[in-house]
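Join the two chains into one complex using the hints; note that each chain is given alone, in its own frame.
As a plain string of letters, each chain reads:
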Amino acid sequence: MNLDKLLPNLGEWLRGTGPESDVVLSTRIRLARNLADLPFGTRATAAHKGEVVARAKEAVAKAGAAHKLEYLDIPNIAALDRQFLVERQLISRELAGGLDGPRGVAFDPTETASVMVNEEDHLRLQVLRSGFALDDAWRDIDRLDDALEQRLSYAFHAQFGYLTACPTNVGTGMRASVMLHLPALGLTKQIDKVFRALQKINLAVRGLHGEGSRAFGDLYQISNHVTLGKSEPKILNEIREVIVTILDYERKARTALLKERRQAEHDRAARAIGTLGSATMITTEETMELLSAVRLGIHLHLLDGIPVTAVNQLFIHTQSAHLQKLAGHALDGEERNAARAKYLKTKLRELNSHRQ
Amino acid sequence: MKCERCPKQATMHITEVLGDRYEEVHVCEDCANKYLAEPAKKKGAAKKKGAPATADGPDEAPPAVGPACPACGLSYLEFRNQGRFGCAHDYDAFKAELLPLLESIHGDVRHVGKAPRRVPRAQGAQVELTALRRKLQQLVTEENYEEAARVRDRIKELENG
Numbered sequence: 149m150n151l152d153k154l155l156p157n158l159g160e161w162l163r164g165t166g167p168e169s170d171v172v173l174s175t176r177i178r179l180a181r182n183l184a185d186l187p188f189g190t191r192a193t194a195a196h197k198g199e200v201v202a203r204a205k206e207a208v209a210k211a212g213a214a215h216k217l218e219y220l221d222i223p224n225i226a227a228l229d230r231q232f233l234v235e236r237q238l239i240s241r242e243l244a245g246g247l248d249g250p251r252g253v254a255f256d257p258t259e260t261a262s263v264m265v266n267e268e269d270h271l272r273l274q275v276l277r278s279g280f281a282l283d284d285a286w287r288d289i290d291r292l293d294d295a296l297e298q299r300l301s302y303a304f305h306a307q308f309g310y311l312t313a314c315p316t317n318v319g320t321g322m323r324a325s326v327m328l329h330l331p332a333l334g335l336t337k338q339i340d341k342v343f344r345a346l347q348k349i350n351l352a353v354r355g356l357h358g359e360g361s362r363a364f365g366d367l368y369q370i371s372n373h374v375t376l377g378k379s380e381p382k383i384l385n386e387i388r389e390v391i392v393t394i395l396d397y398e399r400k401a402r403t404a405l406l407k408e409r410r411q412a413e414h415d416r417a418a419r420a421i422g423t424l425g426s427a428t429m430i431t432t433e434e435t436m437e438l439l440s441a442v443r444l445g446i447h448l449h450l451l452d453g454i455p456v457t458a459v460n461q462l463f464i465h466t467q468s469a470h471l472q473k474l475a476g477h478a479l480d481g482e483e484r485n486a487a488r489a490k491y492l493k494t495k496l497r498e499l500n501s502h503r504q
Numbered sequence: 038m039k040c041e042r043c044p045k046q047a048t049m050h051i052t053e054v055l056g057d058r059y060e061e062v063h064v065c066e067d068c069a070n071k072y073l074a075e076p077a078k079k080k081g082a083a084k085k086k087g088a089p090a091t092a093d094g095p096d097e098a099p100p101a102v103g104p105a106c107p108a109c110g111l112s113y114l115e116f117r118n119q120g121r122f123g124c125a126h127d128y129d130a131f132k133a134e135l136l137p138l139l140e141s142i143h144g145d146v147r148h149v150g151k152a153p154r155r156v157p158r159a160q161g162a163q164v165e166l167t168a169l170r171r172k173l174q175q176l177v178t179e180e181n182y183e184e185a186a187r188v189r190d191r192i193k194e195l196e197n198g
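One line per chain: the protein sequences are A and B, in this order.
If you want the working numbering, it's the position in the first sequence, counting the first as 1, plus 148.
If you want the working numbering, it's the position in the second sequence, counting the first as 1, plus 37.
Isolated chain B, as found in the complex (with noise of 0.2 Å):
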């Protein structure tokens, strides 16, 4: 597949929630940097990782319906709304926008203390990682890069721990 903005090759597959629909952006790498940097240009726009909801234009967009639970269904203007969690994933799910709302509840985004006894601080860490190594390589098997990318950040984080 081409990349719908240059003549390369499109290796990034981007799905655009727009409230109730979806549309889908098929770029190259380099296109695709460009395409997350540029702020939300359609109202409901998902908000994307790295691109804060700029506001560079007189007219401040509405607050973005932002990424949905998989789990749950629950999505982050909901959750907003009514300040309560549907389900465990959904700090996964929410991660992005959270860790500033976190900061500033808490002075902080990490939690220090008690942990499950049967899972030892150190192994759930490990716990983690396999978990998320697995889900790496299934989701570049589906070509699900952005997430993929995701995945890959967290990975990282938590090697360098």
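Chain A on its own, in the form it takes in the complex (with noise of 0.2 Å):
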């Protein structure tokens, strides 16, 4: 597979529509599924890791023709290939970088669905969507799970259900993640009430890659805690209602915004893309605070002519390992700040050449 065709493409997760795109950027569920006659992970010996890799192509290839998988084997591709996977949700940090042996992903050619082989427990199996859809994908996840299942033996448990290599996934083997946009709540200081009220009902709030990840540029994930107890569409229901409180939040925090302080919040907006546009130097993190900044400026109506997709592209290929995969080769620390700070600058050009 050529991951550079990927390389204009937003990835589902960046595609900026499907329901309440204003403040959802999308919703992703996972299933932790296991083999049931192999040893998992951490027993796991390279022979053993390459039975699961077989059996997971075959039936990868043989699942239908819903979800076209393509495999993909993690330790024939280089670092930034990894990289630039994770940037897009396809795989974890743990499959690019912190595992070894026989381990791979295949994933469809929209990046909709995805299965990691050989991560934590034998199969994870994802599905993104753009926006809040957590019925879509939980419909999609069942039925790409249904057809492995086909030719997989899962090691299921009549009292603990699916059984996964950590005790807290056991259950269900299920975590949806909503990832929201909430800088409304962040400039008026509401957002640690926020996620204090959810850590009481269990549910775990996380920055943009997961588990011990930083919330850069007011981006959150918020997931549930508990798989075993509470079948698939009862989860999916306590989350759905907690988002749409934090939704309700939101619009009510960007609208008290605009009514006591629009002027200022247009300056921060038009600095922000002033500075996008004219710095030397940028980091990810820098960048991702302006883009949030432009993104909220963009929904409160305060900027013309910037669609919210521009944005999105801009966030995708500012991401260290897209920047290298634009630029060809790879780029130092210091060499990548200012590649991405002449990137800015020519498609910000770019964009306001088409407004005028």
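Below 30 Å or equal to it, Euclidean Cα-Cα: the simulated BS3-like pairs (lysine-lysine) are: (1) Lys382(A) <-> Lys132(B); (2) Lys132(B) <-> Lys348(A); (3) Lys382(A) <-> Lys341(A); (4) Lys400(A) <-> Lys341(A).
No wet-lab data here; the hints were simulated from the structure.
See the structure below:
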């Protein structure tokens, strides 16, 4: 598979469409599954892992037309390509670098469905949807799971459900997460209050790249914590209720911002564009923070002529591995910051000329 | 064989795993119940089902190595240290220790929700029951009464389902 052909695409999670896309970037559901007769990752030899890969590849190849998944061997691809797949949310950081031995990922060309092989569990199925789409994502992944199960014998226990390498995933093996853009709650200092409330009801909050990652650019992932004792629809409903509440808070905060300090917010968004378009060195973090201000400006109708998809494209293309693939060669830290600034300047100038 | 603790016939044969060596205890049913109710007296002694590690001495024993999985060899202590299971069989091998852990993580110990389509839920329990009954017979033939009792309890649990 030539990964370069993915480069111009936004990928499903940044498509910028779907329900409630002014606040919800994407919905993701993953299922952890293991094969009944092979040891889990920490006890598996290279031969065991090879066997998992062989069976998974066959099952994926025959999984039916709904998801034409193509398999990619991770040990065979360059570190930069692995990082590229992490940035596109197709594989985890662990699969890219933390693990060794035979492992890989199968995904479809639209980047909505993927199956990681030999991550913490033998299989990690994932479906990504743009916007707030828990039901659609569940329907898709349920089908994919059924299709794989016809050819694989899953480790399933009458009492404990789907057995997983870590006891925190046992039962449904399901983690549903919704990626939210919450700049107004951040600006009005209400975000901590919201998250404290979430932790009390057993939902987890994480940054862009999952566990342990910082929340850059006002992006947060909300996901379920409990996987045992509740059915999948029940878990999804609990998340849905919470997201609806947070959506409401964020929108109210946005309305309040517009009402109380319209001029100041307009200025903030305009300055963000100014910095993005004139810097000569810029880090990923600063880019994400500024793009967050631009995105908010667009949704508050303070900035004309910049489509959200353009912001999403800038967002994904300024991530380190994307930037290096665009440049066509590896770049060190300083070179990356310069290349990022140059890319942003060029793109924003193009956008400007389209507007006039 | 005579019971090691009273004149009755020994019907229970218990193998204690003490780190890297084993100790066999042959007792009658009454003495076995007493034996199993005793707190683990030696360091590293296997924690028995229904006999929680009661801290009745001033020096609390270090965490027991606990049972080991017959399929992958992972011990319960190793599982606790790394937080990851070695294979699907660990869930049964460590079941007694696992229940409180799952309760604290999930607030529940029983799966509700999707089951593999190939094994419909009710049938899933049936398949397990059939396998357990076969295993029970085998264990009785082998005179492995301790494990047999555990299997019998599980069968009852499933039957009451």
